[in-house]
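Asker: Chains as they are written, first to last, in my numbering: chain X, 352 to 1127; chain H, 14 to 312.
It should be emphasised that the hints constitute simulated quantities derived from the structure, not laboratory data. Every value quoted in this text rests on a predicted model; they were computed, and no experiment measured them. Among the hints, erroneous ones may be present.
Unchecked claim - One side of the interface only, derived from the structure: several residues of chain X facing chain H at Cβ under 7 Å:
(1) Leu-475
(2) Lys-905
(3) Leu-985
(4) Met-1051
(5) Asp-1052
(6) Ser-1055
To be verified - DSBU-like cross-link-like pairs, simulated, lysine-lysine; straight-line CA separation at most 30 Å:
(7) X:Lys-987 with H:Lys-76
(8) X:Lys-794 with H:Lys-76
(9) H:Lys-76 with X:Lys-650
(10) X:Lys-652 with X:Lys-592
(11) H:Lys-76 with H:Lys-295
(12) X:Lys-764 with X:Lys-776
(13) X:Lys-787 with X:Lys-941
(14) X:Lys-905 with X:Lys-941
(15) X:Lys-1115 with H:Lys-76
(16) H:Lys-76 with X:Lys-989
Cβ atoms here follow ideal geometry from the backbone N, Cα and C, with glycine treated the same way.
Read off the chains here:
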Amino acid sequence: MAQHNDANKVIGKSVIRTDAVAKVTGRAEYTEDMHRPGMLVAKYFRSTISHGRVTDIDTTAAVQHPGVEAVFTYKDVPQNVFATAGHPFSLDPHHKDIEDRLLLTGNIRCLGDEIAVVVAQDELTARQALQKIKVVCEPYPPLIRPEEIMAEGARQIHQGSPNIIGEHRYRCGEVEQGFAEADHIVEGDFTTAMVQHVHLENHIAHAYMDDMDRIVIVSSTQIPHIVRRIVSEALSFPLSKIRVIKPFIGGGFGNKQDVVVEPMVAFLTLQMSGRPVQINLSREECMLCTRNRHPFFLKVKTGVMQDGTMVARDMDVISLTGAYASHGHAIAAAGGAKQSALYPRTPARFHARTLYANIPTAGAMRAYGSPQILYALECATEDAARKIGMDSVAFRLKNIARQGDINPLSKEKIASCGLAECLEKGREFIDWDRKKREYAHHKTGPVRKGLGVACLAYASGTYPVCVEIAGARIVLNQDGMVHVMVGATEIGQGSDTVVAQMVAETLGIAYDHVRVVQAQDTDVTPFDTGAYASRQAYVVSNAVFRAASELKAKICRHAALMCGSDAADLDIVGGVVIDSKKSARVMALKDLAIDSYYHKERGGQLSAEVSYKTTSNAPVFGCTFVDIDVDIPLCKIKINRIINVHDSGVILNPVQAAGQVHGGTFMGIGAALFEEVLIDRETGYVYNNNLLDYKFPTFMDIPSLHHDFVETFEPTSGYGNKALGEPPVITPPPAIRNALLDATGVHINSLPLSPHVLFTHFTKNGLLKSRGEQHV
Amino acid sequence: MFDLQTYHKAGSVEEAIALLAANPDSRLLAGGTDILIKLRHGKSGFAELIDIHGLAELRSIRKDAEENILIGSGTTFTDIIESKLLQRSIPMLCDAAQSVGGPQIRNMATIGGNICNGVTSADSAPGLFGLNALLQIHGPDGLREVPVAEFYLGPGKVDLRRGDVLVAFKITPENYAGSFGYYYKYAMRDAMDIATIGCAVSLKTAASKVSDYRIAFGVAGPTPIRCPKTEQAVLGRELSAELFDCIAEVVIGDVNPRTSWRAAKDFRLNIIQELAKRATHKALQRALHPAGQKEGETI
Ligand SMILES: Cc1cc2nc3c(=O)[nH]c(=O)nc-3n(C[C@H](O)[C@H](O)[C@H](O)COP(=O)(O)OP(=O)(O)OC[C@H]3O[C@@H](n4cnc5c(N)ncnc54)[C@H](O)[C@@H]3O)c2cc1C
């Protein structure tokens, strides 16, 4: 880390987003806005059962429907299976994603599975033609529940591969000894629901050929470079002849860290002689047939001493990945690692299995397994604290990670950790101590009050599991401003803005003199694997810092050439080259730039390009505090006050950071109280893949949200920053569950804590009279 | 993309009736917030539309010489929320209007469409049931008046005949004057949701007793319903804590909710009991603390 000149300070300022004006004026172009003349529309023909096999398909009438250009079935597609997860390629063959997809299938593994595709002049025609496809299926018993899926003799959902697609264990420290010595052992079974990302812009892509042998794909994706590779694998088509363009993105939350519709549009344009073909999924399709969050079944056992030390923890986890592997077991593995990051001094062992099931496919979703694991862990931690009668905050303060601890799993030293300060801030904000006393008098009657807390640890990327590569190219323009190209993928999270801030700060120019090229194009954009794992700002910071430093050195060298001074004495401050020894102005950057371009002998186009691999992974921390009312007869939880406090290192842009925290808290409240993809346990039928019946909260359902930061300085990143994108979603559910427990004494160990669930538990626990009783 | 076959814009109710007669498979389009959903889902029978949206003769809220309140079928929920007349005379209908969808929906959706759509969850229905609203329907054979409770024939089925246009809801003075009401909507979300249970109560009090009591529910049966047993049990009773226990007990005998994947019967019954109490309580509060009730204003 070089010293930054204070006059250049842009990091830490709430500059206006690079894309704010384009977005609020409606000028930002999304995939759907980029219409091409003569573009055809493709629609999937989907299964109406969740498990079975197509025995006969007749597309004759559909092909003849006026306006239909072509119909393809599972018999017409390439037979090379491919993996869809948006992971970097793995050189280790044992660490590859499971290849289990074809473009279309006759083996039905979930409701909505893709059997055929109609290509037509327009969407309505395609939909009408779909009605004319006739299909005969042999149904198999759906495998929905873990017991059924793992039962001996259960049908393999993918013939030839076991239904358990991944399993692993880890162990840190003397777990058995811990349990043997523990004063108390607390156990609990937990479940989490399948939830959906509900990004505003559904999955959409189109493809065309710009000559006769190159495919251009325009897609709403978080991972343009990975899309390029996977389409190449799926179609056995040369990677260099595929160009992926990513325009503005209307949200992804992990659902676009997967290759979903791109291989199909690429296949179709190849089949249609290069004509443009679009797939624009409906909301219903998006909710049923893209990806979801893996539902988990967890058992947690905690050994605790009377003084509040957690001395042992045992976790057993089953994760359902649904019909196709997608991100598969990586979700349970990533989530499981958070125990050792959050409570590094507690001996722990972990066992996880991931299963196929005849339910919608799960994939990456904001915080990647941690919301499930930390829900169970932070409920279990609460139960342990209550078992010994210790204050929930004090109990956590005794056990949580501290700076300098060694994470026993990664063996890495925790270089920055502000979790204790986060807990202190949250406790003060929510007025914990006073309200604890006050709310002691509100534990009876129809409306009861409670307080809850939960903590999190998370990571700033995927290293050392995956490569963490980022690229940046910066070019000095003729007028002294710069253009920046990064592989870091702006999907709405604001990464272009913080990249511009980083460049401005290091280069010594004004923020609005930096132009980050927003649309990505794999033909020209430097390589980066994309927006996921909360990695983007952390990983790109290292590449941007180096590229900007390199360009700055080149500029100073050119200035030295022009005026004969020593480049080592020169610096750039506020867009002006100065001689720092003499404290004198040398020249404006724009004068230098024009010289570098047009002087007949010296200079050139000054630019720098860096591809950098980050080989660290800074842990981040945070917590939620919540204050609730529980209306027992109406079975509803009302949030009076909620705050998320995060240690995410240096906050690059406070307003954008607040946006991430508020968005995450919102999403966390959704998972805590409202959201669940409802799947019939017998048939695998999905009831609510629409926004009426999937109860994604509205603004009327969310209280005002609060946030705070504890700013630590992380030495492994370019600007002291750590991850923030995903963590805010993690802790609202366990904090709310713990507050519900505090208010009512009722343990509910599932999600969501919807009125239906509250009703069942309140009745069972005698808080509500059961019907039977009322009639006597 | 909608599979629309024909579209006519009617310039008057008369023209709408004629167009309906001339196009036997056609349907009226008011705000379109129910119809366009069905069209999007590809349901048959919605492809030929006769647009009556925004017809001035259908869009008014007024009081006539006999003190009847007349609400045009084309009145939007936003119109209802903003109506001074309704705020003063029948705030319960403003509660119901306020509970519908979100602002964009309330700007488009009409009270006529809500009732003609025929579903049990229509938020304006319980209130109109309690008010004994009369539906003024114009058809090829002239005007008829149908009580709202008789208009509902079954789930999704209403007493509209070919060529009929619902023109207005008429609420007679004995059904609203001196009466205080409240509509309580219980749903999973506080906006953009259909009612799990909707409950409208309107009542009058005299000498610390309930002198008139009406309670109606949405989603407590296949159509919106009144609760005659409860009404009888409450009539003439003292205002007391026991009154609420009585309501919760008796109301069970009036309702018939079902178990569906959306909610279990037991859960719905629990909510019905609680809403009966809370809506009555709220209506009583309005009765005991009437806020600026003035008569004789129209929007
Ligand atoms: C997002 C969303 C949220 C919603 N939320 C709610 C809610 O919270 N509560 C609720 O109750 N409803 C809700 N609805 C449903 C809908 O908005 C209401 O039922 C609305 O009142 C329908 O009115 P409309 O004018 O849009 O009807 P339209 O869709 O135009 O018509 C509905 C039906 O009534 C018929 N019709 C309309 N006017 C007449 C007339 N004058 N004479 C004869 N027939 C007529 C039509 O032919 C059609 O069959 C919601 C809908 C959406 C899309």
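Asker: Hints numbered earlier in the text: which of these fail when held up against the supplied structure?
Answerer: 2, 6, 7, 8, 9, 10, 13, 15, 16
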